[in-house]
Amino acid sequence: MSRRGCGLIGLVVLILFIVGLAGGAIGRGMNLPKISILEVPTLEIESFFRGEEVFLKGSAFPITNTLIASWITIVVATLFAFAATRKMKIIPGRLQGLVEMAMEGLINFIEGVAGHKNGRRFLPMIATIFIFVMFNAYLALLPLYGPGLYVSDTKEALAPAGGTVVELTVHAEDEDAEHQELKAEEEGEVIARIETASGVVDVEAPKMGELEYHVEVGDTVEADQPIAEITTKPPLIRSASTDINMTLAMALLAVLFIELMGLTGRGFKHYISEYINVGELFRGIKLFFRGKIVDGLMAYVTGIINVIIGGLEFISHMTRMVSFAFRLFGNMTAGEILVLSATFLIPWIMAIPFYGLELLIGFIQALIFGGLTLVFASIAVGHGSEEH
Amino acid sequence: MEKWVYAFRFVGIGWYIALCIGGGIFGGLWLDSHFGTSIIFTLAGVFLGLVVAALGTYRMIEPLIREQNDTTPGGKH
Numbered sequence: 001m002s003r004r005g006c007g008l009i010g011l012v013v014l015i016l017f018i019v020g021l022a023g024g025a026i027g028r029g030m031n032l033p034k035i036s037i038l039e040v041p042t043l044e045i046e047s048f049f050r051g052e053e054v055f056l057k058g059s060a061f062p063i064t065n066t067l068i069a070s071w072i073t074i075v076v077a078t079l080f081a082f083a084a085t086r087k088m089k090i091i092p093g094r095l096q097g098l099v100e101m102a103m104e105g106l107i108n109f110i111e112g113v114a115g116h117k118n119g120r121r122f123l124p125m126i127a128t129i130f131i132f133v134m135f136n137a138y139l140a141l142l143p144l145y146g147p148g149l150y151v152s153d154t155k156e157a158l159a160p161a162g163g164t165v166v167e168l169t170v171h172a173e174d175e176d177a178e179h180q181e182l183k184a185e186e187e188g189e190v191i192a193r194i195e196t197a198s199g200v201v202d203v204e205a206p207k208m209g210e211l212e213y214h215v216e217v218g219d220t221v222e223a224d225q226p227i228a229e230i231t232t233k234p235p236l237i238r239s240a241s242t243d244i245n246m247t248l249a250m251a252l253l254a255v256l257f258i259e260l261m262g263l264t265g266r267g268f269k270h271y272i273s274e275y276i277n278v279g280e281l282f283r284g285i286k287l288f289f290r291g292k293i294v295d296g297l298m299a300y301v302t303g304i305i306n307v308i309i310g311g312l313e314f315i316s317h318m319t320r321m322v323s324f325a326f327r328l329f330g331n332m333t334a335g336e337i338l339v340l341s342a343t344f345l346i347p348w349i350m351a352i353p354f355y356g357l358e359l360l361i362g363f364i365q366a367l368i369f370g371g372l373t374l375v376f377a378s379i380a381v382g383h384g385s386e387e388h
Numbered sequence: 001m002e003k004w005v006y007a008f009r010f011v012g013i014g015w016y017i018a019l020c021i022g023g024g025i026f027g028g029l030w031l032d033s034h035f036g037t038s039i040i041f042t043l044a045g046v047f048l049g050l051v052v053a054a055l056g057t058y059r060m061i062e063p064l065i066r067e068q069n070d071t072t073p074g075g076k077h
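Protein sequence lines correspond, in order, to chains A and B. First residue of the first sequence: 1, per my numbering; consecutive thereafter. First residue of the second sequence: 1, per my numbering; consecutive thereafter.
Worth flagging that the hints you see were computed from the coordinates, not collected in a lab. Misleading hints may appear alongside valid ones.
Here are some chain B residues pointing at chain A (derived, C-beta under 8 Å) [stated by the list, open to error]:
no.	residue
1	Val5
2	Phe10
3	Gly12
4	Val52
5	Gly56
Rough simulated footprint, nothing fancy, chain B against chain A, three-plus residues with beta-carbon under 8 Å [as the list claims (entries may be wrong)]:
no.	region
6	320-326
7	359-372
All residues carry an ideal CB built from backbone N, CA and C; glycine is no exception.
Taking the hints into account, I'd like the entire structure generated from these sequences.
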């Protein structure tokens, strides 16, 4: 690119940076002039560990925004695969070439770790995990995801008993602001007090969110009359990996896959003896009763150690599940919050480098999840059966 | 590719140690509150968690140590 082109791009970035600085939280802190077209995004995650329910709320099968995101991932990945393989040619086009390259890389990686025979058995599962995690992470960077698109969700706080309103306890943070936005900080927060015949009762917020009072101090209310309205705006779509249920389900599948491979690869007897290794213990007891006291005791001690090692093995297998689930969840949620905070501090410009970082992290997390499943599975089927 | 395998195997060690010790502590606290004792089960839990964590970690890195001994010139071949 010519020097003039570079300079022009630099200038545009600089202007965007200054405008963004004025509109963001940092600019607000520095008392820079306010620019009305820039609205500072609110930095708010209503529920941290799981997605917010957006459809069929409160039913047996609520549709959360993370569930929608995982459906989108499935559809997009399927369509992508379909588009790439619809008209396959010997000399591949661009899309087919890309997919072939990716698949070849995956196959080489898997066979390099697990050997040819086991590699081919592991391929479908590992590749699915890898592709699903990566598509999830990459699709979550689209502007459709996150707080841009939201569904409004309103709940009313009802008066528990009839009486006179004596106090409205939630006040605006900034008294001089033009728009006084009230907020209930947490579920169960006391938002008003009502004097009834039997004493003063509290009105609690049914959830956290923006608050709007329907009554004023001194008003007389009846039982079950709405006192206030609390509104939240959960995003319509939120990255599927930011829901612990999704990552835990994947971790369960991965651990089940690993154990199943160990079971089928090594046979039931070998597999179970890894956890419950009592052969040596029984041998020791047998020897002991035959009169070989020293040999029996030695075998007995080794047997006890074997049992303890079996327990250790079991614990280490079970901790994998937790580590799988929380690693992916933690990384993806942190990324989401990081991008959101960057946008909050300086809109437009600051988020761009973090988007690049998120692209890298999405790939690495997919590689780690898939790679760990692969390595554990190939350990489970046993080192001896590998051929290189 | 072998290095990959070792790298991946050690990714989970931190979790393993943390969960063992944390599990010991919380299990001990729960037992203490259940039986009304003050600290004895918590201490036992911490100790047990530490022992399990140390033994398990040693077992995980054992193959690497063995391999290194095999490949160093002084080691057995």
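Quick rundown of the hints versus the structure:
1. Val5: Status holds, d = 5 Å.
2. Phe10: Status violated, d = 10 Å.
3. Gly12: 5 Å, holds
4. Val52: 6 Å, holds
5. Gly56: Status holds, d = 5 Å.
6. 320-326: holds (count 4)
7. 359-372: With 3 residues close enough to chain B, the hint holds.
Checked against the numbered hints given earlier, this structure breaks only hint 2.
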